[in-house]
Amino acid sequence: MPRLQLSLDELRERALFVRRDIITLLARSQSGHSGGPLSSTDFGTALFFHEMDVNPERLDDPGRDLWHFSIGHVTPVIYSLMAERGYFPLVDLLGFRQFKGHLQGHPSKHDTPGIEVSAGSLGQGLSVCCGMAYGSRFDRSTRRVYCVMGDGEQQEGQIWEASMFAAHYKLDNLCAVIDYNRKQIDGDVQDVLGIAPLADKWRAFGWHVVEVDGHDIPGVLAAFDEARATKGKPTVILAHTVMGKGISFMEDDYKWHGVPPSVEQAEKALAELGTSLASWTRRLETHTARAVTPSANGGAS
Amino acid sequence: MPRLQLSLDELRERALFVRRDIITLLARSQSGHSGGPLSSTDFGTALFFHEMDVNPERLDDPGRDLWHFSIGHVTPVIYSLMAERGYFPLVDLLGFRQFKGHLQGHPSKHDTPGIEVSAGSLGQGLSVCCGMAYGSRFDRSTRRVYCVMGDGEQQEGQIWEASMFAAHYKLDNLCAVIDYNRKQIDGDVQDVLGIAPLADKWRAFGWHVVEVDGHDIPGVLAAFDEARATKGKPTVILAHTVMGKGISFMEDDYKWHGVPPSVEQAEKALAELGTSLASWTRRLETHTARAVTPSANGGAS
Amino acid sequence: MSQPTPVMPAPEAPVKSLAKPEMKRTREGFGHGLLELGEKRPNVFVLVGDLSGSTNVSFFAEKFPDRFLQIGIAEQNMMCVAAGLAALGKIPYLATYGAFASCRSADQMRVTVAYTDLPVKIGGAHGGISVGPDGATHQAMEEIAIVRSIPNMKLIVPCDYWETKKATIAMADDPHPNYIRFGREPVPVVTDANTPFTLGKANVLREGKDIALIACGVMVYEALVAADALAERGIQARVVNMHTLKPIDVDAIERAARECGAIVTAEEHQVNGGLGGAVAEVVVRTHPVPMELVAVHDRFGRSGKQEELMAAFGIKSPDVIAAAERALRRKKG
Amino acid sequence: MSQPTPVMPAPEAPVKSLAKPEMKRTREGFGHGLLELGEKRPNVFVLVGDLSGSTNVSFFAEKFPDRFLQIGIAEQNMMCVAAGLAALGKIPYLATYGAFASCRSADQMRVTVAYTDLPVKIGGAHGGISVGPDGATHQAMEEIAIVRSIPNMKLIVPCDYWETKKATIAMADDPHPNYIRFGREPVPVVTDANTPFTLGKANVLREGKDIALIACGVMVYEALVAADALAERGIQARVVNMHTLKPIDVDAIERAARECGAIVTAEEHQVNGGLGGAVAEVVVRTHPVPMELVAVHDRFGRSGKQEELMAAFGIKSPDVIAAAERALRRKKG
Ligand SMILES: Cc1ncc(C[n+]2csc(CCOP(=O)(O)OP(=O)(O)O)c2C)c(N)n1
Ligand SMILES: Cc1ncc(C[n+]2csc(CCOP(=O)(O)OP(=O)(O)O)c2C)c(N)n1
Ligand SMILES: [Mg+2]
Ligand SMILES: [Mg+2]
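Residue numbers (this note's numbering), protein chains in the order written: chain A, 1 to 301; chain B, 1001 to 1301; chain C, 2001 to 2333; chain D, 3001 to 3333.
Because the hints were derived from the structure by calculation, they are not lab data. Hints are all accurate, no fakes.
Coverage of chain B stretches by chain A, computed from C-beta distances (three or more under 8 Å per stretch; other residues unrestricted):
| hint | stretch |
| --- | --- |
| 1 | 1149-1158 |
| 2 | 1162-1169 |
| 3 | 1197-1206 |
Source: prediction; values computed, not measured. Just so it is clear, CB atoms sit at the ideal spot from N, CA and C, and this is done for glycine as well.
Kindly produce the complete structure, drawing on both the sequences and the hints.
Quick look at the structure:
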């Protein structure tokens, strides 16, 4: 069960697919979040298709890396990454937030195999990952633990409890990524309740900090490498991103935090992404390959 | 209702009285905390007898400064400061933690007039003071708000929520004091769960930081002046102290966090403080003066 | 609670339109109530945890920006900042999702707010599964149990837009801490601008002596619909709108038990410790009668549409009717 | 819950010594239970929030330092770190005061632990007013209401040292989240090392058909004392030790109601949503009978000595006796 380590071109293509998935599934559900999923797409793709050693064929593989999105509301990108990576059929994405589907509005372990721990209340995920990282080290496992957080989420005090904990126990198998898109529900993070200077905060809490353009995939990969090489302390990657990235009319606008595109807006968005609602829906409905491996990837188009 | 601004000699005498009160009331109740109250005594005395503008004769005086101990467990020092300052008769101290008395184990507004807000669950007090400081500024009041926190308490995430809030709203009428005695219940703070570098943390959260020897009263007064002069941001005073300060066999030992001295230990402690249990108990029982003013102070001995 | 409960007929319009009721969001009642308070009371403040829009405090924010306080995503801090403001004599209302208001800041509500007995007014949005597609984490269903257990707290679960608005305004007069629970989606309007609302006094919306249906929140509508259906079968069901869960109207419950001999409670909440439990506690202490509890039976919510979920969780009017029939069988048996 | 509840006589020794019982701390039972688990189960971890001594997890810490995890004063983090460990297949026990375990980390317990259904074992120390001089903030009295409302949670309130030890050990076998509540001060020992303990199965400690006294925690002793006194007046009171509050033993309650015709519940907890409420919910649904609830009546605790407080708050055996007499009058009336 090696890391996937797709090539840059492949990663960029995957990220494009993920964005198309996000728009398509939101257009279908007419409920859910657009902004955060799109800002998390590029580093999320780097994580799932290059950095992490996961095994969708055997979910309880003891050697697997662990990942957890503390921002449970970005399920569109989580589910798309999972489906594209082979955790479940792509067609399931069309059941997002439906009573009948297995894709809850926020991640649910018992509904969606592959989710390690359910989430949805902000600020709790880093603590969960601290427990996983501590336990993994106890087990002398070489696995790494990845936690994705939001920037608005940094306002939750529990994050700083977890931050202190991880530094105290020198959890260098823990890597956190912050989707630093500068927006939250009510507006600009700095207007709502300022978190700057964020890198200083994390440094003062004893973490190794890497700042990177969260849409620059090579940069993100280098940041992951730096995290891997950092010993004796956990690493946090401040991934500077743009909310709604990739869709012209969504970019950098906090109003897209929690709403889906209308069908018309989805058509416009998908056109910008080089496809259409009908054809991408068809792709989701018909593309059933579960496994994604370096040799057998990119089968969909 | 001016600030009391006792002289240095008077302040040192008051601090001595407070330490005697603490030992005496704990010896009587045989329940309660010794360590934190004694480390907080000197800066607490500076606060109550020099810095703050309070009016024990008229508790709802709209011009009063507001004070709040987020570390509710240090009631021995809180109640002693209050009694010495004239909030209630000294003799009441002997009813500490008794069913019949009005001095609860943790501060209770409805039992002890003068307590602004009840406390006892750590980490909540700075937020309360944020509300008071914000509201005071809204009212165009010149009052200042003082919050006393513990160093172990810094592990509570809510403190960092409040910290961000106060910086965001530039609450320069808010002054926090941290009793940095390096101890908490289970041992050294750095062993239990490290909080260092604490000054860096507060700076990264946007506060003005003053570090001072918390037993050096002139230094503490200067720190309060510096806080008063600091505009556009709140100030936190890191008061470096010694747990159990003033009692040889208690100093710097975390085991004294939450236990009272036995009667024999209290005798030993009071001897070190130049008095005895009998005579200090008599002083508490007989000294009834409520008001303490610069001219009429020090009547007790 | 010693005076008799006033019996008032359901207002004309809504009863007439049970089949096709006007739909309105209770959270709008909260927002509009705050707006009215903003005008009337210069000491009302509103605090929010990055959810201005979905809690509808944005109405107040636009009109009274100086008394609106954005806290960000920090519910614990929000509860205590409100306490600090209340300690200065202000009347702070805070708003976030009920799941977080009741759970994320439970300790702050208990110690700082309730123990100090400060007039902090807590608005819990997105109560119940009717929130819909957000799913379990955002569907507040434990609030009644939690808030009810804390001394000094009062708890209101209004049934519709008008009652939410009235309750929101009434809370400002109470010098103690209060919690109000409301929902996200539009729900049937069953009262009107003139229906009386008194904190702690249940409203009897429909008279009947065969069985009493005691409901709160959106379930008041379901109970009214059920009562209509029962009436067709010759069963006269009393419908009691128990909008205040704490202090609960002991007198109304005792009278229901004594005069009707069987009770069905209906709530959009966990069955353990909710309205059903609160009523049962009174019933066994005053006048024991058979009861059936329509509620969510100790399971987490999930994504779906409002109607879909209410049906799946067994809290629609047919469930109330079935429960009434079970209770009636037990009453006779 | 479908099998009949085993009826077991109270063990010889304790019943003989009700007047002068052996006193032992329940928290020691927790500490000793963990110690035993430490030996038996290599995947048991213990987490603490700067309260090693007063929760007695220090026993475990000394013996198994590598599986002991100090979290500091950060209850929210503690609950979720435990969840992370549980997700890896470990069995984490966490300990802090019950007031904080249930309130400060309620949201974490609800969403991360209970919704994910992870086997996190939550130890809530200092339950009830019997904590004594620390006062209201440290006296956990809302835990039953809170924990009971959350799906997937189990809740145990053991009556003495032995039961706490047994329950602590039994929890490790349950692959779901559990909460155990215990106290600070020594309390009477009423069971022994061999008294059976089965999660979810109430123990009948004394038979009787006139009235049932259903109690949990330290109130089991008070109920036994009350039963003795009632027997002297010719009243045979059944004493049921309802150590598991969730899932509650429906069968034992129904039988108590049917066979005794009147019930008194006794708990060191708020009256709203506690044991009394849990029992009332079953009683009204199965076999309605008069009940009286001995509990703390919706007020905060305060400083004082254990006995002083229990008397002042009306939860000593004379209060149980008085309640039984009220219930019996209502049963006849
Ligand atoms: C404890 C808690 N409080 C509030 C919410 C509601 N909520 C969901 S997402 C969100 C904003 C998150 O901001 P950010 O982390 O920046 O994510 P982004 O908007 O960038 O996706 C809020 C307040 C929540 N889910 N959990
Ligand atoms: C939320 C909460 N958790 C735990 C406790 C129990 N407790 C009381 S004092 C204390 C230690 C506080 O340490 P510190 O702030 O350093 O105070 P000091 O020991 O120096 O007096 C703890 C854990 C509490 N009161 N509140
Ligand atoms: Mg953001
Ligand atoms: Mg300390």
